[in-house]
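S.K.: Residues per chain are reported as follows:
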Amino acid sequence: DQQVKQNSPSLSVQEGRISILNCDYTNSMFDYFLWYKKYPAEGPTFLISISSIKDKNEDGRFTVFLNKSAKHLSLHIVPSQPGDSAVYFCADYNQGGKLIFGQGTELSVKP
Amino acid sequence: KAGVTQTPRYLIKTRGQQVTLSCSPISGHRSVSWYQQTPGQGLQFLFEYFSETQRNKGNFPGRFSGRQFSNSRSEMNVSTLELGDSALYLCASSLPSGAQYFGPGTRLLVL
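Residue numbers (the numbering used here), protein chains in the order written: chain A, -5 to 105; chain B, 307 to 417.
Possibly wrong hints are sitting among the right ones.
To be verified - Within a straight-line C-alpha distance of at most 27 Å, the following computed BS3-like cross-link-like pairs (lysine-lysine) qualify: (1) A:Lys(-1) / B:Lys363; (2) A:Lys48 / A:Lys65; (3) A:Lys31 / A:Lys50; (4) B:Lys363 / A:Lys65; (5) A:Lys104 / A:Lys48; (6) A:Lys65 / A:Lys104; (7) B:Lys363 / A:Lys31; (8) A:Lys62 / A:Lys104; (9) A:Lys31 / B:Lys307; (10) A:Lys31 / A:Lys48; (11) A:Lys(-1) / A:Lys104; (12) A:Lys(-1) / A:Lys31.
Claimed, not checked - Which residues of chain B face chain A? A partial, calculated answer using Cβ under 7 Å: (13) Tyr316; (14) Ser337; (15) Ser339; (16) Gly348; (17) Glu354; (18) Asn362; (19) Ala405; (20) Pro410; (21) Gly411.
In short, the hints are calculated from the structure, not lab data.
The beta-carbon is built from N, C-alpha and C at its ideal position, and this holds for glycine as well.
The task is simple: from the sequences and hints, build the whole structure.
M.R.: Listed below in structure tokens is the structure:
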């Protein structure tokens, strides 16, 4: 059964420091993962993705790392800003347009 | 490019009624996926349409249905509404096997 788990429901970080959000997975079909940021009552916003041919992908302040042997990925945000405060979801791509989402981690960046 | 749009944004219905939600994808995107978000279950995949054909379906009862038109716009319908159908309904569009981009969602409240 394909599963995605984000074991930390919340994370609090000081402005300017690094935020590290973690995600574990099992039985991925394609090893293609995506990170989304979500504010309450809004749709998720796509941040960054990574596929199995890479172990790292970077876009501005956001970097995603993939450790296939450990079945683990992480999103690093450096430096963290108060506007980054939101719920972050990792997702695993299944076939036929289906994303399997983790439960989310609520990030709070304090000034 | 304009983003994914969803109408209506908010809806209040009573048990037993039916509802139709609409989604217009990003121009050029032919894949539209639908998700339900609830506090208890998180983001759950409903179904996906590509070129007017349903390619994939999640574990939801037959009361949940959808369709896609030749211009890639999609609708989902929920019949015989139950209290547990109260949720944020999200649609997302994508290029084939690409990242999904979400709309703002429709907040449905069933009384």
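S.K.: Each hint should be assessed against the structure and marked as holding or not.
M.R.: Results of checking the hints against the structure:
| no. | hint | result |
| --- | --- | --- |
| 1 | A:Lys(-1) / B:Lys363 | 22 Å, holds |
| 2 | A:Lys48 / A:Lys65 | 14 Å, holds |
| 3 | A:Lys31 / A:Lys50 | 19 Å, holds |
| 4 | B:Lys363 / A:Lys65 | 26 Å, holds |
| 5 | A:Lys104 / A:Lys48 | 32 Å, violated |
| 6 | A:Lys65 / A:Lys104 | 31 Å, violated |
| 7 | B:Lys363 / A:Lys31 | 24 Å, holds |
| 8 | A:Lys62 / A:Lys104 | 32 Å, violated |
| 9 | A:Lys31 / B:Lys307 | 20 Å, holds |
| 10 | A:Lys31 / A:Lys48 | 22 Å, holds |
| 11 | A:Lys(-1) / A:Lys104 | 25 Å, holds |
| 12 | A:Lys(-1) / A:Lys31 | 16 Å, holds |
| 13 | Tyr316 | 9 Å, violated |
| 14 | Ser337 | 5 Å, holds |
| 15 | Ser339 | 5 Å, holds |
| 16 | Gly348 | 5 Å, holds |
| 17 | Glu354 | 3 Å, holds |
| 18 | Asn362 | 3 Å, holds |
| 19 | Ala405 | 5 Å, holds |
| 20 | Pro410 | 5 Å, holds |
| 21 | Gly411 | 5 Å, holds |
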